[in-house]
Amino acid sequence: MTAAAALDVRNVRKLFFQPTPRGPAGLLVLDDVSFSVGAGEFVSALGPSGCGKTTLARIIVGLEEVAAGAVLIGGRPAGPPGPDRCLVFQHYALLPWRTVLGNVELAMEIQGVAKDERRTRARRFIELVGLTGFETRYPHQLSGGMQQRTGLARALAAEPRMLIMDEPFGALDAQMRTLLQDELLRICDVMKVTVLFVTHSIDEAVYLSDRILVFSARPGRPVAELAVELPKPRGQGARSSHRFTEIRKAVSDVLAERTDYYRGVDEGRGALHRD
Amino acid sequence: MELTKAAALSTGTELPPPGPDGLIYGLRPPPDEGGLLVRHPSVIRVTSVCVVLVVWELYGRALNPVFLSYPVAIGRALVELVGNGQLLDATFQTLRALAAGFGVALVAGVGVGFLMGRSRLVNLTLDPFVTALYNTPSVALIPLIQLWFGLGLTAKIIIVGLSAFFPIAINTQAGVRNVGQGLVDVVRAYGATDRQVSTKVVLPSAVPFIMAGVRLAVGRAVIGVVTAEFFTAISGLGGLVIVFSNAFATAKLFVPVLTLVALGLGLTSLAKWAERRLTPWKESERAAAR
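If you read the sequences in order, they're chains A and B.
Residue numbering for the first sequence follows the working numbering, beginning at 1 and increasing consecutively.
Residue numbering for the second sequence follows the working numbering, beginning at 1 and increasing consecutively.
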């Protein structure tokens, strides 16, 4: 997997600096983070909130600098942000003055895709995420689930080599969450896309992933790696299968043992926690 | 399908099935509480204006016409001034200075405001001047402007421009600063250049602020143009006000004044209309909130 890895994260360290009454201080958010994701693989980064998962996603996309270490995409150092790796944002981050169609076209506009091509591609991805008929709606006229479908279509339309998803379903209600998880699996199956999926939900990680990286609390680093041996495609049946429960238990045990996932990690630690 | 209120709201009645959009058409909501006056606010407005006009007419006729004219006399003056072309000429002169000055202010205000919002260097450099000039009444600068630019159209354009520039520049700057970092991150994550960040996120997100500034600026520009017409070469609607007041022609004096009122109202509605057209997402937000 090493040579052809879609994503290779090597010894990444990240510090946030902040002034304090006792002078400037640094907060170690990520330390010695190394892992790789193979082409076509669906990998989840699972960890307690505040463990730097979002920061990691932003680093991979190129929105944050690292203090040390490197990120390689397809074996080459990841340069400035580009359409080779697209981020799906936790809070959708749609442009409120653009319609669904306009938002989906955004990434292609930045790449300089010609207008006709852009429109055709945008419509194709709008159809893929099940939003046909809503092209002219503005984001505030859509439900949270539909907004995130738009966000997903926007990222996919850039035809990235890989998708980085930062707790994309975290702000949705449970039903919508389940629905979109199934949609995501279907889309990944169609598009053969590589995904790094950041989440703090064990169920979500187990249901979606081929492999789960368990992150420790701050400073975040992968402390365990579990393969999810559930056959794909997975349907609702998979959630209630015996195997699912077993894997869920295994992940839960690792979290209990290796991290403080079950101990209200954020209490009294506000500081520079990024959500 | 028309259902009466009683039928629709009583539990025994079968409601027609909803359409494909989930709405049942032909159902009227129960009428609002409150009397005729509350449901027809325009009745109160019209009555109020009529009462004032009648009182003014009666009281005005009892006074010396130099002190306060009355509506019928003002109407006659209006007909006369429209007939001899004086009003139209003056309105045209005023609009010309207004449009030119406002155009300059709009372009310069958005430009300067944008730069001040985006660049800390530009901001720190220009801020003292912008703050000082914004707080200077532009009337106080008129003697200087006359010295530099004379009494003609140029001076008027500059006075209007100065009046309208600052609300636009300051609002644009606020809008540019107010852009959500999350949205900037989105386009940056897709590899946008600085220029693309500006055109695709910063400017569109500042438009509601800019338009609020434009609305403020319209009012100030009208004040500016009248002031300019008072103090530089007498012309336009402001000029008519001066001419007629010097002649103690009070009925005629009201005609340019009322024209200015109409002009101000018209331009402000125009600005509001433009604001709605340019920020359709805000408009539907407002509709959704209703």
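Simulated from the structure, these hints should not be mistaken for laboratory data.
Computed from a prediction, not measured in an experiment: that's the story for all the values here.
Check before you lean on any hint, since a few could be wrong.
As the list claims (entries may be wrong) - Residues from chain B shown here face chain A by an in silico Cβ test under 8 angstroms; the list is partial: (1) Val49; (2) Cys50; (3) Gly83; (4) Gly85; (5) Pro128; (6) Val179; (7) Gly182; (8) Leu183; (9) Val186; (10) Arg188; (11) Ala192; (12) Gln196.
All C-beta atoms, glycine included, are put in the ideal place defined by N, C-alpha and C.
Hints versus structure:
At about 38 angstroms, the closest approach between the beta carbon of B:Val49 and any beta carbon in chain A exceeds 8 angstroms, and the interface hint on this residue is violated. Violation of the interface hint for B:Cys50 is found here, the shortest Cβ-Cβ separation to chain A being roughly 42 angstroms, above the 8 angstroms cut-off. Interface restraint check: B:Gly83 against chain A, minimum CB-CB distance 49 angstroms, threshold 8 angstroms, status violated. A distance limit of 8 angstroms between C-beta atoms decides the matter here; for B:Gly85 the minimum to chain A is near 46 angstroms, and the interface restraint is violated.
Among the interface hints, the one on B:Pro128 is violated; its C-beta lies about 27 angstroms from the nearest C-beta in chain A, farther than the 8 angstroms criterion. Taking 8 angstroms as the C-beta cut-off, the interface hint given for B:Val179 is violated, the closest approach to chain A being about 11 angstroms. With a cut of 8 angstroms, the hint placing B:Gly182 at the interface with chain A holds, because the nearest CB-to-CB distance is about 5 angstroms. Restraint check, B:Leu183 versus chain A: the minimum CB separation of about 6 angstroms is within 8 angstroms; hint holds.
Because the smallest distance between the Cβ of B:Val186 and any Cβ of chain A comes to about 5 angstroms, under 8 angstroms, the interface hint for this residue holds. Using the Cβ-Cβ criterion of 8 angstroms, the hint placing B:Arg188 at the interface with chain A is satisfied: the shortest such distance is roughly 6 angstroms. The restraint placing B:Ala192 at the interface with chain A holds, with a minimum CB-CB distance near 5 angstroms, inside the 8 angstroms limit. Contact between B:Gln196 and chain A, as hinted, is supported at the beta carbon level, the nearest pair being about 6 angstroms apart and thus within 8 angstroms.
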